[in-house]
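Asks: Listed below, chain by chain, are the residues.
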Amino acid sequence: MIDKSGAALWPGLAVVTIATGYLIALLAAERETVIIALLILGIVAVAAAARLKLLDAVHGSFARHEDTLGRFAIVAALAVAAFFHDDHFVMLLLTTVLLYSVATLGLNIQIGYAGVLNFAGASFFGIGAYTSAVLNAQTALPHLLVIAIGGLLAALIGSVLLLPVLRTRGHYAAVVTIAFALLFRTFLEVNDVFGGPQGMQVKGMTMLGWSFNDNIEIGGVTLSLYMNYFVVSLLLLIGVFVLTQRLERSWIGLNLDALRLDETAAACFGLDIARWKTAAFVVGNFLIGVAGALFAMVGGFVAPNNYTFEDSLILVSILLLGGIGNPWGVVVAAVIVVVLPEKLQAIAEYRFLLYALMVIAMLLFRPSGLLPRSVRRYFPGQPS
Amino acid sequence: MIVELLAQYVMNGLMLGMMYALVAVGFTLFFGVLDVIQFSHGDVLTVGAFTALAAFVGLHTLGLGSRWLDLVVIVLAATLAMALLGMVIARYFIMPLRAAPALNTLLITLMLGTVLREAVRLFYPEGANPKPFPALLPRDAVALGAFNLRLDNVLMLAAGAGVIVGLQFVLSRTRLGLAIRAVAQDEETARTMGINFTAIVLITFAIGSAMAAFAGVMNGLYYNEINFGIGLYLGVVGFSAAIIGGLGSVYGAILGGFLFAGLQTVGAVLLPFASAYKDVFAFAVVIAIMAWRPTGLIREKISERV
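Just so you know, the protein sequences line up as chains P and W, in that order. All residue numbers for the first sequence refer to my numbering, where the first residue is 62 and numbers rise by one. All residue numbers for the second sequence refer to my numbering, where the first residue is 161 and numbers rise by one.
Since the hints were derived computationally from the structure, they do not count as laboratory data. Treat the numbers as computed from the prediction; the structure is a model and nothing was measured. Note that beta-carbon positions come from the ideal geometry of N, C-alpha and C, so glycine has one too. Please note: incorrect hints may appear among the correct ones.
[What the hints assert, rightly or not] Not everything, but these chain P residues come out facing chain W in the computed CB check (under 7 Å):
1) His232
2) Tyr233
3) Val237
4) Leu244
5) Leu308
6) Ser311
7) Ile313
8) Gly361
9) Phe362
10) Phe413
11) Val420
12) Ala422
[Stated by the list, open to error] According to the in silico footprint, chain P covers these stretches of chain W (three or more CB under 8 Å from chain P):
13) 348-354
14) 394-404
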């Protein structure tokens, strides 16, 4: 096939490299003025690039060389981790970004592909988290298994909502999940079994006798204990990312798109609506639960206040900021949403407000997100 | 003893039902004219309640006011301010997205709700904590056997009923009501008949939001406490109530409100664990109702056009 788009690899590589350098600079910056200057620089640079039509080349490059750039992005992530190898705080932050990305990718399968609304993302995240809190304390199950069980439980409890979600549409389905989010949080607060409002401690992860909560010493170099979690989370994200991409390209993704765009027409073409909605909802919740289970072990603590309706809206904000349906956008938006309030402590208290305002502005002026989903490509590596 | 307890439950159920009905009517009105669910409706209620509280504090620092003047001023301040807020929301956030996918409208109202809720929590002095709400109504009680019929409850119920009857009168007997009904039935035909669509939508949002503010003040007077989360709760419950009755029907919304309150009260009486898990129970009922009758007891007429 002749490559009509003629997109070169280098714009993509350049952007990933610049973004990596920028992220390192932002994470390393300590003084508030420096951080704000960097943020303004970033916004101006992106706006200028958009103005000069440089972003189109980048876009083409990503469409044409997605797999190569994906590998390069992994290298970039490792480079960032290597730079901050002994900084607990930054490594924790990076791990958080990775796990939020995983959870939002799960949400993306539900909202972005199948169009099944889920405003209880944080609740399913919380189900995974509480699963690992309880199982790590009460049983000696291998922790990887615990993480899988966390995902399964989230999917299972989510299945209770399937009947109302399948029978309702749009706004009505949204209310079902909102009611569940509020129910879940209230339940955690009033019951005594799961520690009530105080929450519970979570034991750290161990794998094959290797305790994740110890710092790593290799030849005189000390690595932060969060490096363990970072590597595991990165592997998880890579797996989920590839799964999402494969799903989107496959006939399953095609079915889900048809379902989202027009349910009636999809049914006329013989698609089993209930089956695909169920599949998307269950798989999405499983991924969110897995991320939650691992995140609880990273943080070492679970409490009802971490799984509120507002937190669910944050996951939706990440999805919307990034561009619904685009996994790359999800990762970029997760970086923005997670890192910003931590680096700028002044805005941390206002984060829900700011994200809500950001999403409103987005909906009014750029509804397709920062990185809009591109037109479906039927063959990887081929222009659409 | 049993009878008094029962009377107490009935009174409580009626109060809850009135508040739910007032909120549910708003959802129904908005759905009627614009075919959208205004998810920030509950948070408009919160802002209304806090506006009333601020007005009260303001009156007191000025050293003005008797009990009844206070009451009139805070109700007016809350309803007028929320009517304005409702119009702003409709004009600048919901109407511009009419051509966009339904998901966008839903998200923007959800996020607006978050903005309002967070704004109250962050910017109202100590807004994160529950605030005491002044008891402005007379606390006298009439003893009926061992049951004390409290005057303030009776007054609130009467006022709520008055608002609903007033709305019904406007909708069924005035030109404005006729225009609202026309827009709800068929927007394009209404336009060709010379109805100013935008104006009618804005007025409807003003009416609905003012009613939410009224419910917010009522909530404050009844519990003598408000917090920034009440709106989210009342919004979800009010929406479910509107759905039980079938969206788009005012009577349905009122019926749904009282039905939901009844269910909740009966649940609290019959289920021993329900008092601690009161809210959990309420939300479980919401989910169960949606599973049972997704478009309400009076089914919404859905026609699919391909």
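Asks: Quick check on the hint: Ile313/P CB to chain W CB, less than 7 Å?
Replies: violated, 21 Å
Asks: Identify whether the interface hint at Leu244/P stands, where standing means a beta carbon of chain W within less than 7 Å of its own.
Replies: Interface hint status for Leu244/P: holds (4 Å vs cutoff 7 Å).
Asks: Under the criterion of a CB-CB separation shorter than 7 Å, is Phe413/P in contact with chain W as hinted?
Replies: holds, 5 Å
Asks: For the stretch 394-404 of chain W, does the count of residues with a C-beta closer than 8 Å to a C-beta of chain P reach 3?
Replies: holds (count 4)
Asks: Hold the hint about Phe362/P up to the distance rule: shortest CB distance to chain W must be less than 7 Å.
Replies: violated, 21 Å
Asks: Taking the closest Cβ pair, is Ser311/P under 7 Å from chain W?
Replies: Where the cut-off is 7 Å and the nearest Cβ of chain W is about 24 Å from Ser311/P, the hint is violated.
Asks: Less than 7 Å between beta-carbons is the criterion; does Gly361/P satisfy it with respect to chain W?
Replies: violated, 26 Å
Asks: With a cut-off of 7 Å on the beta carbons, see whether Val237/P makes it to chain W.
Replies: Where the cut-off is 7 Å and the nearest Cβ of chain W is about 5 Å from Val237/P, the hint holds.
Asks: Have a go at the Tyr233/P hint: is there a Cβ in chain W nearer than 7 Å to its own Cβ?
Replies: holds, 6 Å
Asks: Hint Leu308/P vs chain W: min CB-CB distance below 7 Å?
Replies: Check failed: Cβ of Leu308/P comes no nearer than 20 Å to chain W, outside 7 Å.
Asks: Is the shortest C-beta separation between Ala422/P and chain W less than 7 Å?
Replies: violated, 10 Å
Asks: Does Val420/P hold up as a contact with chain W if the rule is Cβ-Cβ below 7 Å?
Replies: holds, 5 Å
Against the hints set out earlier in the document, violations occur for numbers 5, 6, 7, 8, 9, 12, 13.
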